[in-house]
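Undergrad: Sequence lines, in order, name chains A and B. By our numbering, the letter at position 61 of the first sequence is numbered 61, and the numbering carries on one by one without gaps. By our numbering, the letter at position 121 of the second sequence is numbered 121, and the numbering carries on one by one without gaps.
Hints are computed from structural coordinates only; laboratory data are not their basis. Please read all numbers here as calculations on a predicted model, not as lab measurements. Just so you know, even glycine gets a beta-carbon here, dropped at the ideal spot from N, CA and C.
Covered stretches of chain A (chain B as the covering partner; in silico rule of three or more C-beta atoms under 8 Å from a C-beta of chain B): (1) 6 to 19; (2) 40 to 53.
Estimated spans, in silico, between C-beta atoms of each pair: (3) B/Asp135 x A/Ser10: 42 to 48 Å; (4) A/Ser10 x B/Lys82: 31 to 37 Å; (5) A/Arg156 x B/Asp208: 30 to 36 Å; (6) A/Pro306 x B/Ala7: 21 to 27 Å.
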Amino acid sequence: MDFLREFRDSSTVKGILKEIEKPSDTPLNIMEICGSHTHTIMRFGLDELLRGHINFIHGPGCPVCVMPKERIDHAIVLSRQEDIILATVGDMIRVPGSKGSLITERVKGGDIRIVYSPMDVLYIARDNPDKIVVYFAIGFETTTPATAVVMEGCIREEIKNILFHVNHVLVPPPIDAIMASGDVVIDAFIAPGHVSVITGAGVYRPIVEKYRTPMVICGFEPLDVLLGIWMILRQFREQRCEVEIQYKRAVRPEGNLKAQGLINRYLQLRESFRWRGIGDIPLSGMKIKDEFAHLDAEVIFKDLLPCELIDDHRLCKCGEILKGRLKPIDCSVFGTACTPQNPMGACMVSAEGACQAYYKYKQLPNYEH
Amino acid sequence: MSTESFAILLSHGGGGEETWRLIRGLFLKYFSNPILNTLEDSAVVNLNPNAKGDFGGVTPFPLRTRIAFTTDSFTVSPLFFKGGNIGKLAVAGTVNDLSVIGAKPLYLSAGFIIEEGFPYPDLEKIVRGMAEEADSAGIKIVTGDTKVVPKGNADGLFINTSGIGEIIYEGLSSSNLKEGDAIIVSGTVGDHGASILALREEMRFDLDVESDCRCMWDLIEMVLLSGAKVHAMRDPTRGGLSAVLHEWAGQSGMGIEIEEENIPLKAPVRGLCEILGLDPLHLTSEGKVVFAVSEEDSDKVLEIVRSHPAGREAMVIGRVIRNPQKRVISKTSWGTKRPLEPPQGELLPRIC
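Chain B on its own, in the form it takes in the complex (with noise of 0.2 Å):
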């Protein structure tokens, strides 16, 4: 018997195998059209797909016709972590599904929806963190909504962002990896996840790591400029490394070859992880890129993540292959493989 005949669980929401059959399953079903369908981390749309004209060198804003459009809602618990909080998260997060695109992030709205009885001082550092995260990475937030219900309806405080970017390189896509393609991962993966796990209430864990929380554009940027022949660029945030890496497979095609021992980790992230039965490649960053780039721009790549300080850890993880199964295969250093578990089940609910 199915358990999605009846109810909605929260290993729907998890990033894995229930929440695409739930996406696929429900809202496609429903909201099928040709931009929704690519299921990308943002929407690419035309607004004026027929503006001709010569405007003396100067395109106004509404007619350069190619916007992401995203929106993300943001339900962390706890509000505060080390390295950020929901607000960061709610700017760094959208602003990255617009990066990952290959869009200059422009606008933002923000929608905010608070228990009643919040502490205003509380919100006042939740709204100053998004303002100072928007700052540092030049972008505005526009518009924006209130709604307050009553005591025991929300937990605390959820926060809603949408935005709108302008894309400034073509034909980034999941389904866009060439056979013998590099993927490159900016840093160490999972930071996010385990410092938030090691936070509950429930665990009691004293973790020396923090959340790598940031708006990444400013690094993105640089290897957008550069020339090189990126494929596709993901942020590895709910189900992780391997949700990004099974997703890749699986829209285009091919499969994916990764070194287990070339995986950035933060050696409390790998402990943690061992200690409580997790894949640290199922946790999720909110800070870090992975790349698909042509085999021969990698080292080109690698070097400029690495220049930027965000991206000093970045690795050279695996190679795209052929592969009609569209696996994910893990290789240990003594050379035996397996497949790559998929982020499923029940995660963590409630980490971004």
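Bound-form chain A, shown alone (with noise of 0.2 Å):
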């Protein structure tokens, strides 16, 4: 099967399209939350599409985004050290510091070595014995277990050049955050694909049951959500309210037992993590287990990594898009002082940012068609 043409398919675009596109009195406001859905409603039009029918809000679902400036900070630190690789994923040496991001510390001499699977870092340290490599580790529930399966592979083999600076963070927790606060008005929610191949449907059920939103897990082509939509109007239209999954190629209800009980067996949660935007969220992100310490960076480096929160540049608005209260395109900067080449936040570095989105999608002023 060929999953990217026949999800892509016109014909049932337009059929889906037609089901949707019954009137309303007002449109739906629907938060996506995952960053890649952002992603592929702007890439294919979806929001040209259902102007009038579904209004998208953009959710906190992009793990480079939601890294605040002194986590960064902590990176940039680390790669002066003497003897130190520091690992990490492609987007992240790119999001601005305090002062710099990871690529003008690449280009002052530091060793960063940008990984596509957390895998890579143990042949980084297996061809590197005299140096220790530090994985900066970022990511939603979907990328918590490879982290986990490197520290238990870190473990096995006895390697001791390996450790780790742990970032991942949860979805459910900014979600609940945003709909406490009451500042955005959310009818329903796409949830997503990936993350909950791992979670499983049950850990949304709370914020459904107790902000009475229909959600529903959705794959990443524009079929997938249109379906998606599809399925939470018609729980609307029965009056229902639960989690439902859309991406059943993918994800299982309970979901993948095996990644929970890595993850579970070498993380645990944060009291707290400070969200960029969003501010600190109570158990909402992950830290090594105390009798793993000694593969804790943030253990190890203690005296060396700043302590001071620093926040956004007034004139970001990456904090209010993160939460849905404001689109890229209401900020005064978007475009025009940050840019994906010379970002000033975080949602315009990640190719699952929402100012990325728009930057890259959103451009099509004056067009003579």
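Build the complex: two chains, separate frames, hints provided.
TA: Written out as structure tokens, the structure is:
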């Protein structure tokens, strides 16, 4: 089966659209939590197709975007240490901290490696036995098990030259925080597909019950998202309010139990994690369990790492955008002082960031048809 | 703060926006002249603009005054890949740069920068690859240079080739696109880039795609001799198809609208790009040509290209439109439109 072609088939798209475009009084406010969904919606113009029916509110589900500047400063400080190789994922190296980014550190001579899979950290460590590799781990529940697998590999193989700086975060707590703030009106949610592969559907149930917002876990092709919206509308029509799974080819209701087991073996909840733009949210991030503290770069290099909290530039509206209160185009520096080449805020850095999605896909003013 | 203020980044060699900033901001600042400033794949020069006289029907080569001249350096890693090696690539790359300006490729130079300790058998394999590709394209490697640098001062082998060709079709230029022109690509895009990417040590993908690396003069010559009105040609190397379309739009002051579903792509290339979050239109091809041809000739050109073994999968992918913003617009099959992303940032270093 060619997933890409079938889930982008134009006659099926048009068929579902007809089903969705039933007349309604006011547009439905749907938050797509995950940045990859924002990307799909913008790239394929689903927001245009559904204008007047659905108002998409972009959620905080971009792991690069929600990382506060002080965490990036940690990475920079670590990369400056003699004999340390700092390994992280692609977009992370371009996010500005309080002074520059990892990419500027690399130009100055820092040994900073981009990995495509956390497993690559094992190869880097093997090839550089006289150096310490610090894996700067980011991501939601999707990528957390991979970090745990590498930790397990380190312990089993007795690899002594890998440390972890863990910045893994959870999806439900910020959603609860946004809903509890009452700042944004959200009628329903499109829930992340790949996070749910790991967590299953149950983690969202408290939110759905507390706020009476239907939720559908969706895949990332245009047809997945459209079908998810159709399922949300069906819940409203049938006056149901539950977590449903559209992305059945990947998500099981209970999630991936083996991956959950791995996470629980090596990681535990932090009392609190500071989210860029949203602030401190209790029990929203993960850290290494105390018994594995010898693998924890935050423990080993405690004295080096700055603990001062750093807010975003006052003109940068990433925080409000992450909370769904503003759209990227409402920001005064969008596309001028802040572009993907010279990002001011993290939402412009990541391919999953709402600002970059708007910058890439929403700039067709005065287009002559 | 601009990172350009202190150092060159890998992205400056990516063929995207940063490369253009380097070319315009530094090289043109010092080298500017009317020939260079056209910024085509090859320079077109008049060797003897005042030559006159009767040579009995045969014009001696030096007096055929319109010559195309180009140069390219090759740093691909790994040196050997499915479908070719750095040597074959070094010949095809320069031959194609001459071809797309409408020049019949004639002579090449070859410069080698070799790291001390490089295995002789590998070098021979590469040189043989160059000779075979040059033979098949009917061109001669007529001059060369060899430098060996101490171990650690170069990664194995770098090759530079320069080429001279004779202009047989005038007026091809990025600034020559006309409203209504059809945009044709000669086959699937991104094959070379995807095959090299999959070979990278950190990837470990077993991708069933070969590099498309080959000289395209034979196919191009058929089109140019057909009498069809071709306005521009490019080989979509660094920065891929997207870079070509953006350069064309920018230099001609027109817009280009493409139909996303008509762009030929091999399924594994599409799949790899999805996994890695890349746009296949940013990936390098080394054996493809993009044509801008006048509307009335588009069927004819498509037929000719498809009649060639290297052009079987050719497609009309879009058209040139009037658009003062000089945008490249991508259209989905259900009618929504978005700007096509120009390549930027650190795409993939050392792909060619």
